[in-house]
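All the letters of the sequence shown, read from the start, carry residue numbers 1 to 491 under the working numbering.
What the hints contain is simulated information worked out from the structure, not anything from laboratory work. Treat the hints with care, as some may be off.
To be verified - Derived DEER-like restraints, expressed as beta-carbon distance ranges:
| no. | residue 1 | residue 2 | range |
| --- | --- | --- | --- |
| 1 | Ile9 | Ile282 | 35 to 45 angstroms |
| 2 | Gly215 | Gln389 | 48 to 58 angstroms |
| 3 | Val106 | Asp197 | 45 to 55 angstroms |
Unchecked claim - Taking lysine-lysine and the DSS-like style, the derived pairs with C-alpha atoms no more than 27 angstroms apart in a straight line are:
| no. | residue 1 | residue 2 |
| --- | --- | --- |
| 4 | Lys22 | Lys50 |
| 5 | Lys423 | Lys361 |
| 6 | Lys423 | Lys88 |
| 7 | Lys88 | Lys115 |
| 8 | Lys21 | Lys137 |
Keep in mind it's a predicted model, so treat the numbers as computed, not measured. Backbone N, C-alpha and C define an ideal beta-carbon position, used for all residues, glycine too.
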Amino acid sequence: MEYDQNSGIYSLVYVTKANEKKAKFQTYTFDRDFKFLNMVEDEIEFDKAKTKYTWFKYNGELYSVTGNYVEPNLVGTLVLKKKKITYKYDWLLLGYYKTVDILEKVKPKTDDGRKLFYLKHAEDDRTGEIYVLCGVKPNTKDVQDDKAAAYRHFMDLHLLKFNTDLDLVSDIPVKFDYPQQIAFGQTLTKMYDDDPDNPGISGIVFVTVPQGGPGMNKFADPKMNNYTYLRFDTEGKMVLKDRISFESPAVYWRMDELVWAGDAIYIFGVSAPGKEKYYNMITNVTKFKGVQLLKVANGKVEYLTETTLEDFEAKIKYPPGQKKIEAYEGKKFHFANHYVSSTGEFFVMGQKYDESKEGNKYKDVLTFHFDNKGVLKAQYAVDLLESNQYSKAAGCPQELLDAGKSMYWLLMEIRGVAMWNPKPLTYPRIGKIDIAGGTISEFQSYGKIDKEVYYLDPKFLFLQTDGGNKVVFFGSDKSGKVIWFCRVALN
Numbered sequence: 001m002e003y004d005q006n007s008g009i010y011s012l013v014y015v016t017k018a019n020e021k022k023a024k025f026q027t028y029t030f031d032r033d034f035k036f037l038n039m040v041e042d043e044i045e046f047d048k049a050k051t052k053y054t055w056f057k058y059n060g061e062l063y064s065v066t067g068n069y070v071e072p073n074l075v076g077t078l079v080l081k082k083k084k085i086t087y088k089y090d091w092l093l094l095g096y097y098k099t100v101d102i103l104e105k106v107k108p109k110t111d112d113g114r115k116l117f118y119l120k121h122a123e124d125d126r127t128g129e130i131y132v133l134c135g136v137k138p139n140t141k142d143v144q145d146d147k148a149a150a151y152r153h154f155m156d157l158h159l160l161k162f163n164t165d166l167d168l169v170s171d172i173p174v175k176f177d178y179p180q181q182i183a184f185g186q187t188l189t190k191m192y193d194d195d196p197d198n199p200g201i202s203g204i205v206f207v208t209v210p211q212g213g214p215g216m217n218k219f220a221d222p223k224m225n226n227y228t229y230l231r232f233d234t235e236g237k238m239v240l241k242d243r244i245s246f247e248s249p250a251v252y253w254r255m256d257e258l259v260w261a262g263d264a265i266y267i268f269g270v271s272a273p274g275k276e277k278y279y280n281m282i283t284n285v286t287k288f289k290g291v292q293l294l295k296v297a298n299g300k301v302e303y304l305t306e307t308t309l310e311d312f313e314a315k316i317k318y319p320p321g322q323k324k325i326e327a328y329e330g331k332k333f334h335f336a337n338h339y340v341s342s343t344g345e346f347f348v349m350g351q352k353y354d355e356s357k358e359g360n361k362y363k364d365v366l367t368f369h370f371d372n373k374g375v376l377k378a379q380y381a382v383d384l385l386e387s388n389q390y391s392k393a394a395g396c397p398q399e400l401l402d403a404g405k406s407m408y409w410l411l412m413e414i415r416g417v418a419m420w421n422p423k424p425l426t427y428p429r430i431g432k433i434d435i436a437g438g439t440i441s442e443f444q445s446y447g448k449i450d451k452e453v454y455y456l457d458p459k460f461l462f463l464q465t466d467g468g469n470k471v472v473f474f475g476s477d478k479s480g481k482v483i484w485f486c487r488v489a490l491n
């Protein structure tokens, strides 16, 4: 679905395969009030279609690319393997799904012949390149030496970059005075206009924390909470962009989410303060005491805040008239989405859940609202209308729409599943968050006209128009025979 801001014309395009060389495009146009104007049909060769319809990403019915695969063995030795990625086009979803076959293996070594100890890795399926964070394994002399060299594989670290032919093309050393645990690692995504469903890698962030425990006392960093942030740029010549040490309020910080906004990096996760043990000695943590939020920008830590569960309880907000539900308790929580506003306020959307033999059972939805200094401003809690087996099993998709002084919290509630497709039967609900006041409005549901009920299209859930001041929903009835438009003015 496309919208021309100047003419106010909506274009709805359906694509099917005409034959082995051509695709058929049926373009239905509607005016700004969704009055049907006309339908134009076009059969065009695949290569020409990609030029005329730039959103049509078709590279053949079936194609394969060769990439690389990383796995550690039982003793941590780095093992590289080739892999074959096969893409098959789905004309219903207008996209590819892939299968992966693992092929032969190669064991790399450093220039001096020493083997490597695997720590973390990332695979770029777009380019076939791989990035491996590893440590140089100690030799016999290192192990016998009464020095920290016995822990060399946790101190002498290297980020290696291999090309698609498994040639080592870059090696960035990162040395530490004390043994480290890799507490977190995540790639920074690079999007490609010609294939948005197959992103690449433009950078990688790792966070390390000191190791300790029995037998390591004289080798371990005496500051248990001395974290180190590492950011690598991987495009072109790979470089270590940032290396920043900081003290975490809690020794154990489970970093769950990374958000890259502009040049700033936000890292969010739960913490278990009060643990007088090293990070690697704290296991089976199921109950947390708070949340930490880190912002790194311009090569330095702008803030690192800790929010206790008592703070969450004190700042919980509900839509008017809604029954009270429990605040975030530091238990099982699914992070559904996140957003950084134009003023630097940070939002985390998610959903509480319980584990069961049948899988996760999702419950209430929450949004955490932090100001531009990382301080919790409010926790918004909403009771879902749907509690059927599908909504409990799948969870509720969520988005935030930025409208300047307000944010609009969009929930896609799941009423069921259409068996003919199959597709989820979802409808939108919207509530308004006042950024300055830290309050939330009642939620409005959409998709019901008289006795008829309509559901969102799973591929095109919504479209923001008019400078973000309006949102358009598109879908159909349960049978898929009657299409539905709905425009909502946000402000």
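Status of the hints after comparison with the structure:
1. Ile9 - Ile282: 35 to 45 angstroms: Because 59 angstroms falls outside the window, the suggested range is violated.
2. Gly215 - Gln389: 48 to 58 angstroms: holds, 51 angstroms
3. Val106 - Asp197: 45 to 55 angstroms: violated, 29 angstroms
4. Lys22 - Lys50: Given that 27 angstroms is the threshold and the Cα spacing comes to 11 angstroms, the pair holds.
5. Lys423 - Lys361: holds, 20 angstroms
6. Lys423 - Lys88: With Cα atoms ~20 angstroms apart, Lys423 and Lys88 stay inside 27 angstroms; holds.
7. Lys88 - Lys115: violated, 38 angstroms
8. Lys21 - Lys137: violated, 54 angstroms
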